[in-house]
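> Turn these sequences into a full structure, and let the hints guide you.
First to last, the sequence lines map onto chains D and F.
For the first sequence, the numbering used here assigns the number 1 to the initial residue and increments by one for each residue that follows.
For the second sequence, the numbering used here assigns the number 1 to the initial residue and increments by one for each residue that follows.
Hints are computed from structural coordinates only; laboratory data are not their basis.
Every residue gets a Cβ at the ideal spot worked out from N, C-alpha and C, and that includes glycine.
Careful: at least some of the hints might be erroneous.
With the C-beta cut set under 10 Å, the calculated list includes, among others, these residues of chain F facing chain D [to be verified]: (1) Thr43; (2) Val172; (3) Asp183; (4) Gly195; (5) Phe199; (6) Lys225; (7) Phe231; (8) Val233.
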Amino acid sequence: MKKLLLIAGVAVALAASAEYTSQTIGVTKITTTNRNTIVAVPFASLTNGTAAISANDLVCTNGLPIGTTTATTQLLVFKNDGYLTWELAPEGWVPVPNGSHTADYVSANSTIASGGAIWVVLPSAPNPSQDIYIYGDFTTEPTQSSIAPGVANLIANPLQSDATVALSGTPAKGDVIIIPTDGAAESYSYGRGGWVNNGVSFDLASITVKVGQGFWYVSKSTTGVTKVTWSAKSN
Amino acid sequence: MKKTIAVLFAIASAVVFAGMNDVLVSFNSLYTPDTDKYADGTTVLDGEWYALVCIKDGKADIVDAASLAKDGRCPRYVFTIDESKLDACAGGVLGVYLLDTRDFSADPSGKKRTENLGENGYPVYNAMAATKGEMKRTGNFASATAGTSVSAGSYDLASAGVKSPKVTSIDVSGDEVVVTVSDTVPFVGYTLESGDGAFNFMVLPGADTSNGNATGVITLKAPKKDGAQFFKVSSIK
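Here it is in structure tokens:
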């Protein structure tokens with residue numbers, strides 16, 4: 001006796017209806033009154049969500065001042081103790097060759113991993129203020145910034161909130177943290193007694209780093225601090 | 001001796017086999033609560049095809065199909081099916097599916113159905129969606145009640161080879177964030193979901209939507225805001 005499978009309801013065996021979604025993308029607006037602004041890199045490349053984003057893909061050109069070479073907006077990417085530079089032209093971001101590097105070199109080496117930072121340099125301090133837009137893939141929220149040992153590192157808070165910091169690895173004597181603030185800079189150095197600011201002992205955990213705010217970690221040892229971990233600051 | 005088996009159905013029906021050669025199905029209701037829609041959210045065209053489909057070993061094969069849609073719904077209809085076709089579905093399941101047979105190369109607006117028939121004599125289709133309902137059985141009789149209508153999110157896009165959309169560029173222009181999307185298809189609708197955080201997305205009232213494009217590329221927009229904004233592109237439900 002032939003029988004076929006009894007069917008009840010037609011939520012059948014093909015792939016169930018599903019929502020098709022893209023990668024998560026983020027757009028962040030930064031408002032500055034400084035000529036030089038450290039901008040955090042919380043995003044990855046749009047073309048490959050696991051790859052570092054290039055500076056010229058990170059920063060939107062919309063609304064940024066365009067002028068001659070000496071009076072246009074620039075992006076500065078700190079790499080290997082030096083800067084790679086992009087300038088804003090009518091056609092977009094243009095890599096700038098210098099004595100050490102060709103334009104092609106600048107173009108190929110301007111990626112910054114999530115948790116890193118770049119400088120945005122305006123022609124002059126804006127009055128009243130200037131908006132800077134950054135964007136990219138935000139599928140994975142970065143919570144750490146890598147520290148290259150023995151060199152200066154430019155990093156910034158990649159979280160979408162104010163943050164506290166913790167270090168992985170032991171700071172070396174002479175390590176320095178420099179936090180630029182509105183043209184001045186707060187400096188914290190590491191010695192026998194720990195972190196010191198203006199000769200006064202300082203608890204690094206008490207630092208609050210605002211959204212997108214950056215600082216320098218100058219590493220003096222090849223075996224010291226390797227990472228900075230960011231944690232959202234509880235209110 | 002070849003026997004034919006009659007299958008009576010309306011929207012949101014399934015087929016129940018009451019015995020060796022007999023299929024007896026009656027219906028309590030003939031109409032779905034609302035109109036059936038394509039994956040881009042538009043109402044199905046008059047004459048769109050509904051098919052009796054055998055699902056077996058993860059594959060879908062059309063057993064029979066007819067051009068039936070009228071005013072966005074399927075009217076009462078009787079399928080007459082050769083018994084041998086049902087035998088071929090032994091171990092599988094049968095369901096009633098709505099086919100999207102729109103021909104976007106002939107009409108990019110999607111108002112024209114294809115005239116291209118496949119090898120089996122049924123029209124080439126972009127995607128299919130299962131109709132839904134409940135079957136009850138009493139003796140040799142089965143009855144079906146109308147279930148939900150076919151929504152945009154009901155379509156089996158995976159088997160149609162539809163890819164997930166991919167954001168390829170973002171721009172801030174005037175008061176808007178403009179998102180360029182690739183890997184779209186013209187028979188699916190897409191929308192921009194927004195969130196203040198990276199994990200709490202929703203489709204906001206007035207969110208930008210667009211059908212996909214034969215080139216694969218579309219743009220979607222959202223008002224720009226202070227602080228951080230998060231977006232993702234999704235197929236409409």
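> Now, for every hint given, state plainly whether the structure supports it.
Results of checking the hints against the structure:
no.	hint	result
1	Thr43	violated, 18 Å
2	Val172	holds, 4 Å
3	Asp183	holds, 9 Å
4	Gly195	holds, 8 Å
5	Phe199	holds, 8 Å
6	Lys225	holds, 8 Å
7	Phe231	holds, 5 Å
8	Val233	holds, 4 Å
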